[in-house]
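Trainee: Sequence:
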Amino acid sequence: METCLTLQILAASLFVKHIKVSPGVRLGHAEVLLTSNAKYHINRVGMKVYSIPSGSLVCNQENLFLGQLPKQLVIGFVDNAAFCGNYEINPFNVQHYNVNFCALYCDSEQIPAKPLQPDYEHNLFPYIPALALEENKELWIKSDIVEREGIVTVALKVVITKPALRPLIKPYIVKKMTKKFIHYQSDCYVKSRCNWHKLKHIDRRFHRRFKGQISMPNIGYGSNKKRKHMLPSGFWKFLDHNVNELDVLMMSNKSFCSEIALNVSSKNRKITVKRPAQLAIKVTNPNVRMCSKIK
1 METCLTLQIL AASLFVKHIK VSPGVRLGHA EVLLTSNAKY HINRVGMKVY SIPSGSLVCN
61 QENLFLGQLP KQLVIGFVDN AAFCGNYEIN PFNVQHYNVN FCALYCDSEQ IPAKPLQPDY
121 EHNLFPYIPA LALEENKELW IKSDIVEREG IVTVALKVVI TKPALRPLIK PYIVKKMTKK
181 FIHYQSDCYV KSRCNWHKLK HIDRRFHRRF KGQISMPNIG YGSNKKRKHM LPSGFWKFLD
241 HNVNELDVLM MSNKSFCSEI ALNVSSKNRK ITVKRPAQLA IKVTNPNVRM CSKIK
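Per the numbering used here, the sequence shown runs over residues 1 to 295.
It should be emphasised that the hints constitute simulated quantities derived from the structure, not laboratory data. Each hint can be trusted.
Label-pair ranges, simulated between beta-carbon atoms: (1) 168 / 245: 19 to 29 angstroms; (2) 174 / 284: 21 to 31 angstroms; (3) 208 / 179: 23 to 33 angstroms; (4) 22 / 165: 45 to 55 angstroms; (5) 224 / 39: 49 to 59 angstroms.
Quick list of in silico lysine to any residue cross-link-like pairs, SDA-like style, CA-CA up to 25 angstroms: (6) 274 / 244; (7) 270 / 251; (8) 48 / 117; (9) 71 / 110; (10) 175 / 229; (11) 179 / 189; (12) 274 / 238; (13) 39 / 16; (14) 254 / 231; (15) 274 / 247; (16) 170 / 236; (17) 48 / 78; (18) 71 / 51; (19) 274 / 35; (20) 179 / 190; (21) 17 / 41; (22) 170 / 286; (23) 191 / 201; (24) 270 / 244; (25) 254 / 238; (26) 48 / 59; (27) 71 / 118; (28) 254 / 168; (29) 270 / 285; (30) 17 / 45; (31) 71 / 40; (32) 71 / 46; (33) 39 / 21; (34) 191 / 203; (35) 175 / 230; (36) 48 / 111; (37) 237 / 288; (38) 20 / 40.
Ideal Cβ placement from N, Cα and C applies to all residues, glycine included.
Please model the complete structure; the sequences and the hints are all you need to start from.
Mentor: This is the structure:
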């Protein structure tokens, strides 16, 4: 039986907030707009519709968003008849339809690592408090007969993370000398510690390395020549003085990292730090001599 409904609008009002800006502020805005564009931060909400055939147990949807990366993804399931405009069915009644698995995939990598696996048959859905849906109680519309009871949505937060720059091949650093060096005459004097360090005194024959005395080892434990100047991160250090020198590392960004020289000014250092990020080059000291405020 078809129902005949009539919609009658009794009154309509439009409220516009009007503010009078002082002439000084308007003049300042006009001067700024002569050299730059006006930027307005607006949270845009986009909606995409996908159809899932009835009886399907698995559904994979590709390209949920294109272009700008969203802050949050909210997935909901509604009946097809309600979406098409059936007056007898509430289009805001989002159901769960016994979904037991939900996750995002980016470049064949599952996000999050542990997927959402609720169990609505046994009332086991511990993911609702973790998604911070309880914080938005006041945002749900109550005057239009839209209640929170019976409405189920899946919200996934999208966070941008920068991958760590790692070398293509990270060899293991092998030391020639593994035994610790013992300080000379540390067993005779309490003031002499057993840990060894390079002695540069000239007050005795041993320090001056005279013939017939105990041999003094050189500084360090000795490394392989191939890994002699390699950093613990696996990169070899390249001293950078300007932006043009970074072009040398374009084909060797998986072996060498950049270290900005100390004589580079803070103004040129900002440019030198931005360029390696574009070329995927690791910088060992990006925050040295960086001014937070320009006076």
